[in-house]
Amino acid sequence: MVQLLETTSWINVNHWASFALHSDRAYNLDNVYKLGLGDILQMDFSGNRSKTTP
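The opening position of the sequence shown corresponds to residue 1 in our numbering, with each subsequent residue numbered one higher.
Heads up, some of the hints might be wrong.
Taking lysine to any residue and the SDA-like style, the derived pairs with C-alpha atoms no more than 20 Å apart in a straight line are [claimed, not checked]: (1) Lys34 <-> Ala17; (2) Lys34 <-> Asn48; (3) Lys34 <-> Ala20; (4) Lys34 <-> Leu21.
FYI, nobody ran anything at the bench for these hints, they're computed from the structure.
Required output: the full structure, derived from the provided sequences and hints.
Written out as structure tokens, the structure reads:
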């Protein structure tokens, strides 16, 4: 049995982020306090610009 490091719902998160940013459906904020209701926050804890686990 193969153990996944991430859930299937997060496997394509990098593709979704690229699509959203390049299609002008999303944008980067300079401050977390500018988030609105329903906004999605993605963070890069590792510093490698990937939204998934290494």
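Cross-check of the supplied hints:
Distance hint between Lys34 and Ala17 is fulfilled; the C-alpha atoms sit about 18 Å from each other, no more than 20 Å. Proposed proximity of Lys34 and Asn48 is contradicted: the alpha carbons are some 24 Å apart, above 20 Å. For the suggested pair Lys34 and Ala20, the alpha carbons sit about 18 Å apart, so the restraint of at most 20 Å is met. Pair hint Lys34 plus Leu21 holds up; C-alpha atoms about 17 Å apart against a cutoff of 20 Å.
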